[in-house]
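Protein chains in written order, with the UniProt record's numbering: chain W, 1 to 268; chain Z, 1 to 268.
Note that these hints are calculated values from the structure, not bench results. Don't take each hint at face value.
Stated by the list, open to error - Sample of chain Z residues lacking proximity to chain W, with all beta carbon distances greater than 12 Å (derived):
id, residue
1, Val41
2, Glu45
3, Arg50
4, Gly52
5, Gln69
6, Leu73
7, Thr76
8, Gly179
9, His182
10, Leu184
11, Glu189
12, Pro193
13, Ala202
14, Pro220
15, Asp224
Claimed, not checked - To spell it out: a stretch of chain W is covered by chain Z in this simulated footprint if at least three of its residues, at any positions, have a beta carbon under 8 Å from a beta carbon of chain Z; those stretches are:
id, stretch
16, 99-108
17, 119-130
18, 143-149
19, 157-169
20, 230-241
Note that the Cβ used here is the ideal one computed from N, Cα and C, for glycine as well.
2 protein chains.
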Amino acid sequence: MSDEAVGGWLKVVGLGPGDDALITPEVSAALAEATDVVGYVPYVERVAPRPGLTRHGSDNREEIRRAEQALQLAATGHRVVVVSSGDPGVFAMAAALFEALEAGEPAWRSLDIQVLPGISAMLAASARLGAPLGHDFCCINLSDNLKPWALIEKRLRLAAEADFAMAFYNPRSRARPEGFEHTLEVLREACGPQRLIVFARAVATPEETLRVTTLGEAQPEMADMRTLVIVGSSQTRLIQRHAESAESAERQSTPWVYTPRSVSGADA
Amino acid sequence: MSDEAVGGWLKVVGLGPGDDALITPEVSAALAEATDVVGYVPYVERVAPRPGLTRHGSDNREEIRRAEQALQLAATGHRVVVVSSGDPGVFAMAAALFEALEAGEPAWRSLDIQVLPGISAMLAASARLGAPLGHDFCCINLSDNLKPWALIEKRLRLAAEADFAMAFYNPRSRARPEGFEHTLEVLREACGPQRLIVFARAVATPEETLRVTTLGEAQPEMADMRTLVIVGSSQTRLIQRHAESAESAERQSTPWVYTPRSVSGADA
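Pulled out of the complex, with its shape left as it was, chain W reads as follows (with noise of 0.2 Å):
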């Protein structure tokens, strides 16, 4: 390696869902030292500009692209922030980042890099709601993008045999909106018209809608790829809220979602 690439790091970092107060303090130092911030334009906007701080934003599905000029700019000594909204793990830029990784440069395998988790869309959707999450769940990326849609189609009926809840990233886009359609009456067939539904719209944010409902009502209007999705399992369970004070107020006509910790010997 070059002495140019003295001192040069890249970490790839979670942005959080939306609000500053929920990323952590370890990805604000990251963002604090670093000389470059690379990501998808309107995470990269979240970033605050500086002296001393370059940000590229790039389009969505540039994703290899960007990984590979953040290494590049590592490799040559730059101090390199990449963002993702929600956590970088979880259908977001780590994945790709070590797909550029392992097909690029072997010199970039001995970069200084970390992955630094960020608060998921779905862990924040699922805090707004109450605790849909709160037992055994799956988590599936719906667009079919990357992969055959006759793969998503066998991962949500196995999903509701094993009766997990579901978060799903990524619904609908107006590119192929018959996806979640499709997506909605597998459901239906496999878990019932009752079965309860949560579409999360723009969680964290100012633009920030949250919506309970059933299988049997649900439409595919009701999400765009701004919507986290999750589907309870068969034993997920509203709790109406009384609201009286005022900041309450604004949430009464959500009730809270919840799955209960137990399953009885007689559900297996």
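Fit chain Z to the given chain W structure using the hints.
Quick look at chain Z alone, frame taken from chain W:
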């Protein structure tokens, strides 16, 4: 609700896996305003004592009584933080709190209750390893205190068939060491001996250890109750690290573990 309840609130928070740099500012602010901290003894002890703060530590398996105590304190005007390690919504106090809320006094449903997410052990372990949960995955509590073993085994077999990566909480206690041995047997049969498995113990604490091996080489003794276990999908891969710096040399023996984002059509 009585006048005493004015100003009372309850926040169920996640302290993250151990390092204070992984506690969100939102959680730190809640702790700074609290009059009472309630939780399992070792987690309550992570909150520094100060004048005006009462720390209520309780034993493991006391979750419902602990939740009732917290609700009662909030109902009488206290500002109560219930602490969990990791994230409160993943096999921790949030579900117990809502179980107690649903079964408890109707007036409790008017309380100002919030759940504040934390960095889960699963996300912290994943980050240390690389990106083993970078594709679809599931998360299973292996403790059979709260569900029958037959249900755990059913979920393991279906998760293997779905080709999820798997994160396991509470793999092995002294009281029931045989459960994890059974888990390894089921997974060896379903996934084959070459499948990757990782033991991430006490992540983000001074006692942290990471061990990457295969199902064929895994021994039940590699896990205890402080271990988060991750089993890869069929696509999960290793990258050897070539550490040059002193800091990264410590981790040299542990390869990166990651699951690529894509699955080709032929794999479905």
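request  = Against the structure, test the hints numbered earlier, and report the numbers of the ones violated in rising order.
outcome  = Of the numbered hints given earlier, the structure breaks none, since each of them holds.
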